[in-house]
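**Student:** Spelled out from the first residue to the last, the chains are:
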Amino acid sequence: MMAKQSIKFIVVFLLVLVSFKSFADGGSSHHEKGNVIDTPQEIKDHIKHHLKDSHDFHLFSDNAAGKHYGFSLPVIVWTSKGLKTFMSSAFHHDDAGHVVVDKGDVKLTKIHSKIYELNAGATAVTFDDKHHATNAHKVLDFSITKSVVGMLLAGVLMFLGFVTLAKGYKKGPIPTGIGRLLEPLVIYVRDDIARPNIGEKKYRKFMGFLLTVFFFIWILNLLGLTPLGFNVTGQIAVTACLAIFTVVIYLFSGSKDFWAHTLWMPGVPVILRPVLAVIELVGFLLIKPFSLLVRLFANMTAGHFVVMSLIALTITLKESFGAVGSTGMSLVLALFISVIEVLVAFLQAFIFTMLSSLFIGMAVEEHDHH
Amino acid sequence: MVIPNLVGAGLIVLGGGLGLGQIGGKAMESIARQPEAAGKIQTAMIIIGALLEGLAFGALILGS
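Respectively, the protein sequence lines represent chains A and B.
Just so we're aligned: 252 in the working numbering is position 252 of the first sequence, and the numbers increase by one with no gaps anywhere.
Just so we're aligned: 1046 in the working numbering is position 46 of the second sequence, and the numbers increase by one with no gaps anywhere.
If you are wondering where the hints come from, they were derived from the structure by calculation, not from laboratory data.
Cβ coordinates follow ideal geometry from the N, Cα and C atoms, glycine included.
Hints are not guaranteed to be accurate.
With a cut-off of at most 30 Å between alpha-carbon atoms, the simulated DSSO-like pairs for lysine-lysine come out as follows [as the list claims (entries may be wrong)]:
no. : chain 1 : residue 1 : chain 2 : residue 2
1   : A       : Lys48     : A       : Lys84
2   : A       : Lys103    : A       : Lys81
3   : B       : Lys1040   : A       : Lys205
4   : A       : Lys138    : A       : Lys52
5   : B       : Lys1040   : A       : Lys202
6   : A       : Lys52     : A       : Lys67
7   : B       : Lys1040   : A       : Lys201
8   : A       : Lys67     : A       : Lys8
9   : A       : Lys81     : A       : Lys52
Cβ-Cβ distance ranges computed for the label pairs, FRET-style [to be verified]:
no. : chain 1 : residue 1 : chain 2 : residue 2 : range
10  : B       : Gly1021   : A       : Val99     : 51 to 57 Å
11  : A       : Leu153    : B       : Gly1015   : 25 to 31 Å
12  : B       : Gly1010   : A       : Leu281    : 33 to 39 Å
13  : A       : His112    : B       : Gly1063   : 20 to 26 Å
14  : B       : Gly1015   : A       : Arg180    : 40 to 46 Å
15  : A       : Lys103    : B       : Gly1010   : 46 to 52 Å
Calculated Cβ distances over 12 Å to all of chain A for the following chain B residues [what the hints assert, rightly or not]:
no. : residue
16  : Val1007
17  : Gly1024
18  : Gly1025
19  : Ala1032
20  : Arg1033
21  : Gln1034
22  : Ala1056
23  : Gly1058
Could you put together the complete structure from these sequences and hints?
**Tutor:** Quick look at the structure:
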């Protein structure tokens, strides 16, 4: 009886999730015509827009009334005239360089989610035939964008969860509430990821990093599946930064043996040693971090792309199957792919942590000398 | 003659699929032979799968 009820609950929950997601995504585009999205090109543009970071937090829009719902976020930019801060509502949802914000000595505009500073004397942006701005240049952007909000949210969630878990141990040996969910995961990361790969003696030092990375990626991947429409782990800058952390950690904790084996491999002919050193260095400095960052980025981007394309079936198949048929089809497909995405969200966090600990394990390993 | 990007993407997916099939198939075989080592085999399988995935995605990103 209980099992049946919980299955029912999960099904209803997932249906609500999918419908809300399509609702939220369906609204978050704002194209100039002000009517609903109905052509493949518009769907493509809309998905591309969703995959990028944005300066305002957009929940949904009423295209008929031309209204957008959501909230604006602070823009913090370093221009040629110093630091400028204002709210992104100053752009009035413009993303094509039409609205110019005058901050006294500099004029700023937003083109394709990037902030540009107009050159001195210019009052409007002009484009060349490839749609590059000719009289404006990019500025250093430290804005609290949607992705930054997502990361802060993940940080707050992790802080609350783990503080609750830590406090739970003061009351007794068995955690309660959210701690019941977190404790097995922490132990899983320790016993199945860190210990076998880094080794019994040294794994403790790296647990902080591995746990942080694991839960950070996992929570952000899951946030990406909510109707809020975050795509933080699908930003290449975010994944690149995480990969750089891993590289810095394994380079700076490398043992004497690691460097000896990397730079001057013992046991091979001397003539081959420089060649091997180059290969090993390229592997550790370029290929390993590149594969780490590309894997997470591409997986999450591809996942979002597939979910949104399947939701868009409501529009693309309306002509051939009718409104009910196309909606039902997209609902079923989007539901199944969302369930797979929940698995992928965990798997990618696991893989990133696993490979990080594997690389760290290679670096800290000490060989027996014969 | 210019080969379209999509053909390249298809070739990458073909190669990646062959690789994943090999990994998955062999892992299944070895688990069937030694069910008590299933955990270790699974971990190794996922690591190799992830490395392959990185390769395929790298090629896809470079191609697009």
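**Student:** A separate judgement is required for each hint: does it hold in the structure or not?
**Tutor:** Against the structure, the hints:
For the suggested pair lysine 48 (chain A) and lysine 84 (chain A), the alpha carbons sit about 28 Å apart, so the restraint of at most 30 Å is met. Restraint check for lysine 103 (chain A) and lysine 81 (chain A): the C-alpha separation of about 10 Å stays at or below 30 Å, so the hint holds. For the suggested pair lysine 1040 (chain B) and lysine 205 (chain A), the alpha carbons sit about 24 Å apart, so the restraint of at most 30 Å is met. At most 30 Å may separate the alpha-carbon atoms for a hinted pair to count; lysine 138 (chain A) and lysine 52 (chain A) meet this at roughly 17 Å.
A hinted pair counts as satisfied when its Cα atoms are at most 30 Å apart, and lysine 1040 (chain B) with lysine 202 (chain A) qualifies at roughly 21 Å. Proposed proximity of lysine 52 (chain A) and lysine 67 (chain A) is supported: the alpha carbons are some 22 Å apart, at most 30 Å. A C-alpha spacing of about 21 Å is found between lysine 1040 (chain B) and lysine 201 (chain A), which places the hinted pair at or below 30 Å, so the restraint holds. Only pairs whose Cα atoms come within 30 Å are accepted, and lysine 67 (chain A) paired with lysine 8 (chain A) is rejected, the gap being roughly 36 Å.
Between lysine 81 (chain A) and lysine 52 (chain A) the CA atoms are separated by roughly 28 Å; this keeps the pair inside 30 Å, and the hint holds. Range check, glycine 1021 (chain B) to valine 99 (chain A): Cβ separation about 52 Å, and the 51 to 57 Å hint holds. Remark: the range hint 25 to 31 Å for leucine 153 (chain A) to glycine 1015 (chain B) is contradicted by a beta-carbon distance near 39 Å. Take glycine 1010 (chain B) and leucine 281 (chain A): their Cβ atoms lie about 34 Å apart, and the range 33 to 39 Å holds.
Take histidine 112 (chain A) and glycine 1063 (chain B): their Cβ atoms lie about 22 Å apart, and the range 20 to 26 Å holds. Taking 40 to 46 Å as the suggested C-beta distance range, the pair glycine 1015 (chain B) and arginine 180 (chain A) conforms, at roughly 43 Å. The supplied range of 46 to 52 Å is met by lysine 103 (chain A) and glycine 1010 (chain B), whose beta-carbon atoms lie about 49 Å from each other. For valine 1007 (chain B), the non-interface assignment is confirmed: its Cβ lies about 19 Å from the closest Cβ of chain A, beyond the 12 Å cut-off.
The beta carbon of glycine 1024 (chain B) sits about 14 Å from the closest Cβ of chain A, which is more than 12 Å, so the claim that it is off the interface holds. The beta carbon of glycine 1025 (chain B) sits about 20 Å from the closest Cβ of chain A, which is more than 12 Å, so the claim that it is off the interface holds. Distance to chain A confirms alanine 1032 (chain B) as a non-interface residue, since its nearest Cβ pair spans about 22 Å, more than 12 Å. For arginine 1033 (chain B), the requirement that its beta carbon stay farther than 12 Å from each beta carbon of chain A is met, with the minimum near 22 Å.
Remark: the non-interface label on glutamine 1034 (chain B) is consistent with the geometry, its nearest Cβ contact in chain A lying 18 Å away (cut-off 12 Å). Taking the minimum C-beta to C-beta distance to chain A, about 9 Å, the non-interface status of alanine 1056 (chain B) is violated against the 12 Å cut. For glycine 1058 (chain B), the requirement that its beta carbon stay farther than 12 Å from each beta carbon of chain A is not met, with the minimum near 5 Å.
Going down the numbered hints, you'll see the structure goes against 8, 11, 22, 23, while the others check out.
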